[in-house]
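Use these hints to put chains B and C onto chain A, whose structure you have.
Residue numbers (my numbering), protein chains in the order written: chain A, 1 to 494; chain B, 1001 to 1332; chain C, 2001 to 2283.
Be aware that a few hints might be false.
[Stated by the list, open to error] Below, in silico cross-link-like pairs of lysine-lysine (DSBU-like), each with a Cα-Cα straight-line distance of 30 angstroms or less:
1. B/K1277 / B/K1056
2. A/K441 / B/K1056
3. B/K1067 / B/K1317
4. B/K1067 / B/K1277
5. A/K343 / B/K1277
6. C/K2047 / C/K2012
7. B/K1063 / A/K343
8. A/K425 / C/K2016
9. B/K1056 / A/K343
10. A/K425 / A/K441
11. A/K343 / B/K1126
[Claimed, not checked] Far from chain B, by Cβ distances over 12 angstroms, these chain A residues were calculated:
12. S74
13. P90
14. F105
15. E117
16. A237
17. T372
18. C378
19. N427
20. A459
21. T461
22. D493
Hint data in this document are derived by calculation from the structure and do not stem from the laboratory. Ideal Cβ placement from N, Cα and C applies to all residues, glycine included.
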Amino acid sequence: MSSAEIDVTDQQLDQSRLGGFTYDPAPESASVARLASAYGLFIDGAFSDPGAHEQFETLNPATARPLATVAHGSSEDVDRAVAAARRAFPAWSSMPGSARAKYLFRIARLIQERARELAVVETLDNGKPIRESRDIDVPLAAAYFFYYAGWADKLDYAGFGPSPQPLGVAGQIIPWNFPLLMAAWKLAPALAAGNTCVLKPAETTPLSALVLADILTQADLPAGVVNIVTGDGATGAALVAHPGVDKIAFTGSTEVGRLIQQRLGERGTHLTLELGGKGANIVFEDAPIDEMVEGVIDGIFFNQGHVCCAGSRLLVQESIADEVVRRVLRRVEQLRVGDPLDKNTDVGAINSAAQLARIEELTEAGEAEGATRHTSACALPNEGYWFAPTVFTDVAQSHRIAREEIFGPVLSVLTFRTPEEAVAKANNTTYGLACGVWSEKGSRTLWVAQRLRAGVIWANTYNRFDPTSPFGGMRESGFGREGGRHGLEAYLDV
Amino acid sequence: MDEVTTTPLRSVGATSAVRFAAHGSGPRIESEVELRSVLASLSGVDAVGLEARAAKLATRSIKRSSKLAALDLAIAMVDLTTLEGADTPGRVASLCAKAARPDPRNHEVPSVAAVCVYPDLVATAKRALGDAPVAVASVATAFPSGRASLAMKLADVAEARSAGADEIDMVIDRGAFLAGRLGQVFDEIVAVKAACGPAHLKVILETGELVTYDNVRRASWLAMLAGADFIKTSTGKVPAASTPPVALVMLEAARDFAESTGRVVGVKLAGGIRSAKDAIRYLVLVNETAGTAWLTPERFRFGASSLLNDLLMQRLKQQRGAYVRVDEFSGD
Amino acid sequence: MSDRIDVRKTYKLVVKGAFVRSESGRSYEVTDATGAFWANVAQASRKDLREAVVAARGAQRSWWAMTAYNRGQVLYRLAEMAEARRAELAEHVAVAEGIDPVVASDAVARGIDRIVWYAGWTDKVAQVLGGANPVAGPYFNFSLPVPCGVVGVIAPTDSSFEGFVDAVLAPLATGNTVVALASETRPTPAVLLGEMSATADLPGGVLNVLTGRRDELAPVLCEHEDVDGVDLDGADETVGALASLAAGSIKRVLRPRSSAGDGDVRRLRAFVETSTVWHTIGQ
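Only chain A is shown next, with the shape it has when bound in the complex (with noise of 0.2 angstroms):
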């Protein structure tokens, strides 16, 4: 029989589903993450009676339900955790960088011996595919720590001038998207530095900060050098107001950031901002098709369109719109959305039930527009927080869905006819964080990067992250660096 005389229904080469073969539930255990059932905060090297503080409860999004309470810091705590930083500053910052190294690499280390459990508690905290966790966030936290390590003891040669000196006390307030990720960025270099930290971990994912503190403790980290400090908005407004602190660090959104920099602005204290965005995809006709459809679908889908950098808006050139999106929609089919805790899992479950309600929001807001809207077909969880890959077709550069930051998996097609209008659609917002370029053309692609206004540019490629490059962004994205030489530069007095 020849294969040329079999027929192919329209339908199978179209969805190319998973139909024919289906992957049994193959789920990491939970009990991996030996959670407690309430924490305390760690404050001068040790954690506080959970007794001690008003309580709230960190559920899993995948289910609602709880996973444990944690302590509510009021400004009081904020202020024990500020006083205990000031009191380790002294030692810490004259400490010779060789030993602060030491302590780096030594948590560096420790993050990875307990990687599986780490990957466990943020997957069940955040709701995040464990593939994710395991794979990107888990590593790169340990590798953020052994890079900033290595630079503790060498500062003189960081383009800054002779022994740069630490600012002193840093408030960092950090995102619910990449908890343990976001904790390394800020506690890695501001510790090479010479300062120390007080760390608020965001409302709905404190845990894998405590697991952290634990961390912390295994490595003989000096009293006071961490403290974190567990609790809402209000913990982390005590934290912006409070005089002792000398410099914030804050990731999250940009009214926030708005806010924060203008409470600051009196005061003079020193201030980094990573912000919103709405980066752009931009697709050209000569782009490598199949990677290119594969950075679309990670650029947006990736931890479920919850990141500041995500491609949220693709612009593809005119002449191969349809033929993209026709790829893009088959691929979207293809994700598996589901158990954050199945390692087959592609997408999992959006973080909170407010973070649902926003993107419900904006989608139906797209619809209303005029917008045509593509839903994936899988199947969605009975509870917890789920939303179904979708993308808009149709898409005007004045619609909301263009504009707004989503934060979900949710991605919004627009078309351009030159490299000239690319830039210009690309560059027509107010954020300035992430773009991506797809082109096999190298000097259009350097051309087009020169001329984006975003403080990284991925190009035939999309969300990649490394301890040595910088990332940050211009604009309404926030100033500073993190990541790289120019991370030094946020937590020293240069």
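Relative to chain A, chains B and C alone:
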């Protein structure tokens, strides 16, 4: 030789792009210019993105009943192969017994798809297999180097065919491909296809010698346009053989070719695939790239020898729940 | 002393390469250090400031599109122009700051040397502040300092030429365009430099110099959403309030600092963005 008709490509001529009938019998390439324009219109491959995608798919975790189903499917896709200078009729007969009944104690284990031998052993294999539902494939066209005249290659095919081969595994002229003589490569495949008659034609690209993924994609399309029923990675005689990224490129090519022409071409991976784990990873690639339409021995094959025993061992382990020793199965 | 009646100059704003009066028609009186009349200068309005920002925005792309080598030559040309008018600058600085002519002359010399220093930076900033990043994967990754865009400068109150040069030349050297608010009480040296910029091949709009009331104009400059960064060197007691205003559009803010030394590249770092490009490496 007489019945073989080749249609040399005109080196100049029509430049219009090939119009693929939506679901017709496939495109007609009328000139080398046309062939070049089709191949030049193919998208480039970004090696980093391709390898990253392949590596990501390798993290799929296939467990329990899906693993058992995958193992059986993989067994049914094996072209059990012996291509050694030391091959003898006895060795081939023993291989055929294994092919027909991989696990004699368990009738649920499927036969493999085919045995693959040199042309002079095709008759032996046919006799040994008898009525078993196993095809006989023969390498031909001056395997493995392809360094012979077209006449010699066609004679090679004719010998295999007359001995009863159901499938012909030809090699392309990599030298001609790399030298840019694409029309020559194309014409040879057309000629061999004609010589195959009703036999299935698998076209070996020897991807390890083509080196770049762009070349693999172009060669895949060239072979499919010339009439290949299958495109195959490797002879197994060069160090760099099947790899997940190469398989991914070829599966994408088969998928895209089917979409634009309506003609479905199979993919065969050969060389270096030894473990059940690897085989299952390749099935995941098929599943998530070309799709379920290719998850059948008619469209996807593994050219291998030692792979079969590992598939059988893993199958038994799935059933027993304990790891088994290699001597549970015959060494063929 | 000659009996000749000297020809006096009307001090205008420098906007988009042109010398203009305030659209409001206002001017204000500037005195020397003793309080005696020295000149009437234009008193820029909010609208003048808006026009200056439009001019700066319009010029930014072409200023940055110039090669760094060319930008360096243009800025060096500015030093040449200043050198030729050194005596005039020194007279203005002496009068404005109430200092000895010799001391003023030294200050002008240092300021001109500072222009030369910045001119030399244009094609070195990328090498010093940027570079390749050895990421753990098959990617070529490099970071380049690129300009923020339009920078507003509240020039130092006291240092009428040297301080003005430092505040203005740093953002220019890194490819920004500038809207500078001259010292309210000592504005004329800044206006002279603005005039020189027109003969130094600085494209119109690259350097805009406004004179006027700081308390009226500085908040408008700091709130203007199309200004990407502000240098608050001359904001003095209003630094905190202006810094908070700048938060509205997440501006980059350079606060005054006393410890900046001669070799300090802090100002060069202040108004650049690090743009990091990843590209795959494969056959």
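Going down the list of hints, with the structure as the test:
Between the alpha carbons of B/K1277 and B/K1056 the distance comes to roughly 15 angstroms, so the proposed pair stays at or under 30 angstroms and holds. Proximity of A/K441 to B/K1056 is assessed by CA-CA distance (about 26 angstroms); at most 30 angstroms being required, the pair is judged to hold. Of the pairs offered as hints, the one joining B/K1067 and B/K1317 holds, with about 11 angstroms between alpha carbons and a cut-off of 30 angstroms not exceeded. A threshold of 30 angstroms between alpha carbons decides the hint, and for B/K1067 with B/K1277 the separation of about 10 angstroms falls inside it, so the pair holds.
As the CA atoms of A/K343 and B/K1277 are separated by approximately 16 angstroms, the hinted pair is consistent with the 30 angstroms bound. A hinted pair counts as satisfied when its Cα atoms are at most 30 angstroms apart, and C/K2047 with C/K2012 qualifies at roughly 15 angstroms. Straight-line distance between C-alpha atoms of B/K1063 and A/K343 comes to about 11 angstroms, which keeps the hinted pair within the 30 angstroms bound. For the suggested pair A/K425 and C/K2016, the alpha carbons sit about 27 angstroms apart, so the restraint of at most 30 angstroms is met.
With a C-alpha separation of about 11 angstroms, the suggested pair B/K1056 and A/K343 falls inside the 30 angstroms cut-off, and the hint holds. The straight-line distance between the Cα atoms of A/K425 and A/K441 is roughly 20 angstroms, inside the 30 angstroms bound, and the hint therefore holds. Between the alpha carbons of A/K343 and B/K1126 the distance comes to roughly 45 angstroms, so the proposed pair goes past 30 angstroms and is violated. The Cβ of A/S74 sits about 43 angstroms from the closest Cβ of chain B, beyond the 12 angstroms cut-off, so the non-interface label holds.
Separation of A/P90 from chain B is adequate, the least Cβ-Cβ distance of about 46 angstroms exceeding the 12 angstroms criterion. The claim that A/F105 is not at the interface with chain B holds, since no C-beta of that chain comes within 12 angstroms of its own (minimum 28 angstroms). A cut-off of 12 angstroms between C-beta atoms confirms that A/E117 is not in contact with chain B; the least separation is 19 angstroms. Even its closest Cβ contact with chain B, about 40 angstroms, leaves A/A237 beyond 12 angstroms, as expected for a residue assigned away from the interface.
Separation of A/T372 from chain B is adequate, the least Cβ-Cβ distance of about 23 angstroms exceeding the 12 angstroms criterion. Consistency note on A/C378: stated as away from chain B, and its beta-carbon is indeed over 12 angstroms from all of that chain's, at 14 angstroms minimum. With a least beta-carbon separation of about 25 angstroms from chain B, A/N427 lies farther than 12 angstroms from that chain, consistent with its non-interface assignment. Distance to chain B contradicts A/A459 as a non-interface residue, since its nearest Cβ pair spans about 10 angstroms, not more than 12 angstroms.
Not every beta carbon of chain B lies more than 12 angstroms from that of A/T461, the smallest distance being close to 6 angstroms; the non-interface claim is violated. The Cβ of A/D493 lies farther than 12 angstroms from every Cβ of chain B, with a closest approach of about 39 angstroms, so its non-interface assignment holds.
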